[in-house]
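So the protein sequences, as listed, match chains A and B. In the numbering used here, each residue's number is its place in the first sequence (first place is 1) plus 5. In the numbering used here, each residue's number is its place in the second sequence (first place is 1) plus 1097.
If you are wondering where the hints come from, they were derived from the structure by calculation, not from laboratory data. The C-beta atom is built at its ideal place from N, Cα and C for all residues, glycine as well. Errors might be hidden in some of the hints.
What the simulated footprint calls covered on chain B by chain A, stretch by stretch (three residues with Cβ under 8 Å from a Cβ of chain A suffice, anywhere in the stretch; the number is not a length) [claimed, not checked]:
# : segment
1 : 1179-1188
2 : 1196-1208
3 : 1298-1306
Examples of chain A residues toward chain B, derived with CB under 8 Å [what the hints assert, rightly or not]:
#  : residue
4  : Arg19
5  : Val196
6  : Ile200
7  : Ala202
8  : Leu204
9  : Asn207
10 : Arg215
11 : Gly288
Here are some chain B residues the structure puts well away from chain A; computed CB gaps all over 10 Å [to be verified]:
#  : residue
12 : Ile1113
13 : Gly1115
14 : Lys1121
15 : Gly1129
16 : Val1130
17 : Ser1137
18 : Leu1218
19 : Trp1231
20 : Gln1256
21 : Pro1267
22 : Arg1278
23 : Asp1313
24 : Asp1347
25 : Asn1356
26 : Ile1360
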Amino acid sequence: MFYREAGDFKTSYREDSQTFPIKFDRWRFWAVLALAYGVVPIFINDYWANAVFVPFLIYSIAAIGLNILVGYAGQVSLGTGGFMAVGAYACYKLMTAFPEVSIFVHVLLAGGVTAAVGVLFGLPSLRIKGFYLAVATLAAQFFLVWLFNKVPWFYNYSASGQITAPSRQVIGFFVTGAQTTAVSKYLFCLVMLTIVAVLARNLTRGTVGRKWMAIRDMDIAAEIIGVNPLTTKMTAFMVSSFFIGIAGALFFAVYLGAAEVGEAFGIQKSFLILFMVIIGGLGSIFGSFAGAAFLVLLPVLLKNVLVGSLGWPTDLAAHIELMIVGGLIVVFLIAEPHGLAQLWRLTKEKLRLWPFPH
Amino acid sequence: MNAKSAGHTTADGRKIGGVLMEMKNITLRFGGVTAIKDISFDIREGEIRAIIGPNGAGKSSMLNVISGFYVPTEGEVWFKGYKRGPMKPYQVARLGIARTFQNIALFDGMSVLDNIMTGRLTMMKSGLLSQALWIGNAEKEEHAHREKVEKIIDFLEIQNIRKTPVGRLPYGLKKRVELARALAAEPKLLLLDEPMAGMNVEEKEDMSRFVLDVNDEFGTTIALIEHDMGVVMDLSDRVVVMDYGKKIGDGTPDEVRNNQDVIDAYLGVAHD
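The whole structure should be built from the sequences, with the hints applied where relevant.
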């Protein structure tokens, strides 16, 4: 009914290889984009921005980054928190060292610094795979957090050991610091997410993406058809860390405003983002969004329902909430191990034929 | 048929050229096990060369030496008139050698089309940045290669499954997709490791036809390992027979068929 492919003819390879080959999908994509850019900023307030939208956007960026590494290139990483910390501290150092340069540039540069660090910690992936690589990246996580704690240069010798984002503007609107408004935070993160999503989509549909997936699915065969494992894995680490670095920079500068490395970028952050990628769907850009939405929105929703509607005490609700989220993760993974993206794909296939399945 | 001349034409009108690849005294050892013992043979341009032998004879090891996956312990591999030093497998691919595997090595998570497109990776030149922004060369290149790949899809008659994930395909089609992926690289030398293993008669006939068509239409040199004697004798121009890592026969199918050593290896020898 909704997904009619019949009559939707493609006459060029360009049309055939577009991101949303079905007309209905394309319409819906533009509708969502219009909603995100046109409607949400009108209604957004501080609560919605801080509790829902900004963390969702930032975690989506991080999840896309990690999905490129784990979902597309098949290299397991538990160092996401550490790499986000690199992005955050790089952004902080750049913001304080070059106050006159736009924060937009700083965030991108922070991504670049993280990319370099990611490549460095990605080198073990040439020799080790799977769980062993996960442990090696875990080392990166602990090392980076330790480094940012122990070397005062990184936090500009501040007494508290914290980093605090100074006020910065983008085209006249404050996006960091105390004077920021919900709208400007939201839009800044949204623009970043849009850029990241488009880049990720372009990379994964072309040659680079095929190399990544070839290495993921069967590295020996990939090598025999001419994929250089060294450069392929390193580009995966580079691109992934670039995005994660951007997410880290935004998380610190826009969302938190002030951060302490162990608290903001500890191992639990690595796991959180890995869960997003797994629940959302490995090897799917949409899955990154879905996973981030699931893990950001569900706790907020549950809290509102339990405390707001049912009037439970806050501490009880907080514990129940953890149990429900945990239970739902298990249920979802049993129902569909390939994540929400696969669930969505199956729904679409059903909808194509609905209401006449035969 | 004089095998020593620089080139000749077969009975069915195909051109066989000079030597494309030459294996000189290849020995391959894994620790104490000698998989290949002092084997020499050549592969000529445009021919279909079969390697046969009983189980464990070292055929697959030989193919792995040709494809650069194993580096021979002793001996030299000459390709296009140059001696080939130790190389990484991906460098061999860039020389123009493509292969299929005995137990299919496709990328299960990708569609048929993407799998075949990976065969052209070595020819794609656009950089990371232009691909990320999908401007300039990246898109043009993608579509140019897509056109070539579509020709191969037509050639192997797999148009209807081009968007299907490979993991969902039946065995026979997977083999065909793997052949398509190898062909997409436009190889000088195509190595087929048991292309008909586990197929029924009909699928074998299809596959044989494709192998012959590939050789005929693109002039691709083919080296193949196969167990089905009927197929080997019908398809190949020359056959190498191996047993226990040694070469026991080399020549046209007729010569090999009448070679006493080969008969002994396949049928056994009477011990008295």
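Hint check results:
{"no.": "1", "hint": "1179-1188", "in the structure": "holds (count 3)"}
{"no.": "2", "hint": "1196-1208", "in the structure": "holds (count 8)"}
{"no.": "3", "hint": "1298-1306", "in the structure": "violated (count 0)"}
{"no.": "4", "hint": "Arg19", "in the structure": "holds (6 Å)"}
{"no.": "5", "hint": "Val196", "in the structure": "violated (16 Å)"}
{"no.": "6", "hint": "Ile200", "in the structure": "violated (10 Å)"}
{"no.": "7", "hint": "Ala202", "in the structure": "violated (12 Å)"}
{"no.": "8", "hint": "Leu204", "in the structure": "holds (5 Å)"}
{"no.": "9", "hint": "Asn207", "in the structure": "holds (4 Å)"}
{"no.": "10", "hint": "Arg215", "in the structure": "holds (5 Å)"}
{"no.": "11", "hint": "Gly288", "in the structure": "holds (6 Å)"}
{"no.": "12", "hint": "Ile1113", "in the structure": "holds (27 Å)"}
{"no.": "13", "hint": "Gly1115", "in the structure": "holds (25 Å)"}
{"no.": "14", "hint": "Lys1121", "in the structure": "holds (23 Å)"}
{"no.": "15", "hint": "Gly1129", "in the structure": "holds (25 Å)"}
{"no.": "16", "hint": "Val1130", "in the structure": "holds (21 Å)"}
{"no.": "17", "hint": "Ser1137", "in the structure": "holds (24 Å)"}
{"no.": "18", "hint": "Leu1218", "in the structure": "violated (6 Å)"}
{"no.": "19", "hint": "Trp1231", "in the structure": "violated (4 Å)"}
{"no.": "20", "hint": "Gln1256", "in the structure": "holds (13 Å)"}
{"no.": "21", "hint": "Pro1267", "in the structure": "holds (18 Å)"}
{"no.": "22", "hint": "Arg1278", "in the structure": "violated (7 Å)"}
{"no.": "23", "hint": "Asp1313", "in the structure": "holds (24 Å)"}
{"no.": "24", "hint": "Asp1347", "in the structure": "holds (26 Å)"}
{"no.": "25", "hint": "Asn1356", "in the structure": "holds (33 Å)"}
{"no.": "26", "hint": "Ile1360", "in the structure": "holds (35 Å)"}
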